[in-house]
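Since chain A is already given, all that's left is putting chain B on it; use the hints.
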Amino acid sequence: MGLLDGLRAILGSRAEADAGRDADPDDLFGMSTAYLTMQADLGYESLDVGALCFSGVDSSDFRDAVDEVEAILEAGQEETGTEFSVTSDDHGYHWVVLADDDPEDLITSMHFAADTFIEHGYGSRLLAAVFAYQDRDGTAYWIYSFRRGRFYPFVPRDGRERDSSAEFTLESALDGELEIEREKEYWYPLWPSEGGTHPWE
Amino acid sequence: MLNVLFRFDRSDVGYGNTIASVLERLDRALISPEPLISDMNWQADWGLRARMFVTMFLLFALYIVFAGALALYIGGGLWLFALLFASFSLVQYYFSDTLTLKSMGAKTVSADEYPQLHASIERLSQQADLPKPKVAVVDSTVPNAFATGRNQKNAAVCVTTGIMDTLDQEELDGVLAHELAHVKNRDMMVMTIASFLSTIAFMIVRWGAFFGGGHGRGGGREGGGGIVVAILVSLVVWIISYLLIRALSRYREYAADRGAAAITGNPSALASALLKISGEMDKVPKDDMREEAEMNAFFIIPIKSGIVGRLFSTHPPTERRVEQLRDLEREMQSF
Numbered sequence: 005m006g007l008l009d010g011l012r013a014i015l016g017s018r019a020e021a022d023a024g025r026d027a028d029p030d031d032l033f034g035m036s037t038a039y040l041t042m043q044a045d046l047g048y049e050s051l052d053v054g055a056l057c058f059s060g061v062d063s064s065d066f067r068d069a070v071d072e073v074e075a076i077l078e079a080g081q082e083e084t085g086t087e088f089s090v091t092s093d094d095h096g097y098h099w100v101v102l103a104d105d106d107p108e109d110l111i112t113s114m115h116f117a118a119d120t121f122i123e124h125g126y127g128s129r130l131l132a133a134v135f136a137y138q139d140r141d142g143t144a145y146w147i148y149s150f151r152r153g154r155f156y157p158f159v160p161r162d163g164r165e166r167d168s169s170a171e172f173t174l175e176s177a178l179d180g181e182l183e184i185e186r187e188k189e190y191w192y193p194l195w196p197s198e199g200g201t202h203p204w205e
Numbered sequence: 523m524l525n526v527l528f529r530f531d532r533s534d535v536g537y538g539n540t541i542a543s544v545l546e547r548l549d550r551a552l553i554s555p556e557p558l559i560s561d562m563n564w565q566a567d568w569g570l571r572a573r574m575f576v577t578m579f580l581l582f583a584l585y586i587v588f589a590g591a592l593a594l595y596i597g598g599g600l601w602l603f604a605l606l607f608a609s610f611s612l613v614q615y616y617f618s619d620t621l622t623l624k625s626m627g628a629k630t631v632s633a634d635e636y637p638q639l640h641a642s643i644e645r646l647s648q649q650a651d652l653p654k655p656k657v658a659v660v661d662s663t664v665p666n667a668f669a670t671g672r673n674q675k676n677a678a679v680c681v682t683t684g685i686m687d688t689l690d691q692e693e694l695d696g697v698l699a700h701e702l703a704h705v706k707n708r709d710m711m712v713m714t715i716a717s718f719l720s721t722i723a724f725m726i727v728r729w730g731a732f733f734g735g736g737h738g739r740g741g742g743r744e745g746g747g748g749i750v751v752a753i754l755v756s757l758v759v760w761i762i763s764y765l766l767i768r769a770l771s772r773y774r775e776y777a778a779d780r781g782a783a784a785i786t787g788n789p790s791a792l793a794s795a796l797l798k799i800s801g802e803m804d805k806v807p808k809d810d811m812r813e814e815a816e817m818n819a820f821f822i823i824p825i826k827s828g829i830v831g832r833l834f835s836t837h838p839p840t841e842r843r844v845e846q847l848r849d850l851e852r853e854m855q856s857f
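So the sequence lines, in the order shown, correspond to chains A and B. Letter by letter, the first sequence follows residues 5 to 205 in our numbering. Letter by letter, the second sequence follows residues 523 to 857 in our numbering.
Simulated from the structure, these hints should not be mistaken for laboratory data. Bear in mind the structure is a predicted one, so any value in this text is a computation, not a measurement. Some clues are possibly wrong.
[To be verified] Facing chain A, a subset of chain B residues (Cβ under 10 angstroms, in silico): (1) F575; (2) A589; (3) A641; (4) S647; (5) Q649; (6) P653; (7) D695; (8) L702; (9) V705; (10) M711.
[Claimed, not checked] Simulated coverage check for chain A against chain B, where a stretch passes if three residues somewhere in it have a Cβ under 8 angstroms from a Cβ of chain B: (11) 31-45; (12) 128-138; (13) 169-182.
Note that the Cβ used here is the ideal one computed from N, Cα and C, for glycine as well.
Just chain A, same shape as in the assembly (with noise of 0.2 angstroms):
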């Protein structure tokens, strides 16, 4: 805790300086070289699909934030070839998903959705970028906190539960390639709607 978050705790305004801390969209870019390491070193393919959640405002301000992005991601659409859809989860929370082949795009994509959010002045509304890879083993994604900047692995496996070692193999594989969440207990698991799959799937 630095000396200016100290402060802010002594007058009960970290709360509100925390949650409302712009996201830095630009470490998504990490991930562009990740993709590599997790297909040769790992033997991860890449599932083309990567998932924004954000935390929606009941505003009309806050709907054209979404429309921009809409609109962005249209025009983007004939260049780089990515599909896009905006969704929402059973917590109430939605989604941007995307979808492209080429991971180079696809993260583009992604950094200008969230860019677009920022610029509207709602970064603090993003919480979480998903990106998902799949073995023989099944799904494992790279999640990456808006809140905290930094990444950590998610490996779900049937009932909820996590394949704590795969997230380990990940960890130390992509360690120094990526920024990786060092405290454990922000590695927030991003379980599937009651019908058992996730906004992407």
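Structure of chain B alone, referenced to chain A:
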């Protein structure tokens, strides 16, 4: 437990009147119209921060004078007692999460038992940049919620079954975010430190004569006179600090409301939750109310209601909190 020591007798109200009116004016100045901007980059409430700082400054100044006076008039005798008491409250603070949950009859629940509650707290903690706290439930129809724990890693958020029945999902999220904001702002620690010497002052008022009697056997008349002065000083310190602590607690509530609004992005839902709960609270028979000030400080709405008036309450009036949240909502909606 410390809680008992915060009980306030009505007969003492008179002593605090001057300070009371000063604090009242400070409180009144709280909500001022601010320039409106759209999106969620709310204007920082510097007034609130300043008031919080001034309150804490006054409290510490008071405590320093108090400590000086004690050293002057009593010397070593009561310091030993103070030290004992310090270690006692340190232990209490250290185990505050389990102690509070136990004394409230709260039960830690797993994600299997309350999947929805766990999921909400998980997402909100993520947004608030907090590790997930323990989740506990009290089986009670009184709609309430509280947070406890000495730091972020040992925090617990607790709700009653009543609040889950009363509020819809968005409103409950607002309340949970309010509690997480308390954890984030380290309010448990701030209030423990703030009320520590006040409690000692109260103990001296209550037990000082007893200690002086035991101590003064060899010391003669001079020692006895010192004790009387110390008791008087303690009484004044206790009354003033009591008011300051209450003011500080109210400011922390406003701050936690702002924090909750920033976490959920939905000030209106918290406002409607507050209105709903306060409406429900009025219907609860008086007999059901408990006077646990120490814990009240972390409740969303205090259980004890308005006999001694606003200045002596740990929470600001609901209308005032709702007004603040409406201001945040307006800032967000306008262009």
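Hints, one by one, checked against the model:
no., hint, result
1, F575, "holds (6 angstroms)"
2, A589, "violated (21 angstroms)"
3, A641, "holds (6 angstroms)"
4, S647, "holds (8 angstroms)"
5, Q649, "holds (6 angstroms)"
6, P653, "holds (4 angstroms)"
7, D695, "holds (8 angstroms)"
8, L702, "holds (7 angstroms)"
9, V705, "holds (8 angstroms)"
10, M711, "holds (8 angstroms)"
11, 31-45, "violated (count 0)"
12, 128-138, "holds (count 4)"
13, 169-182, "violated (count 0)"
Of the hints listed earlier, those the structure fails to meet are numbers 2, 11, 13, in rising order.
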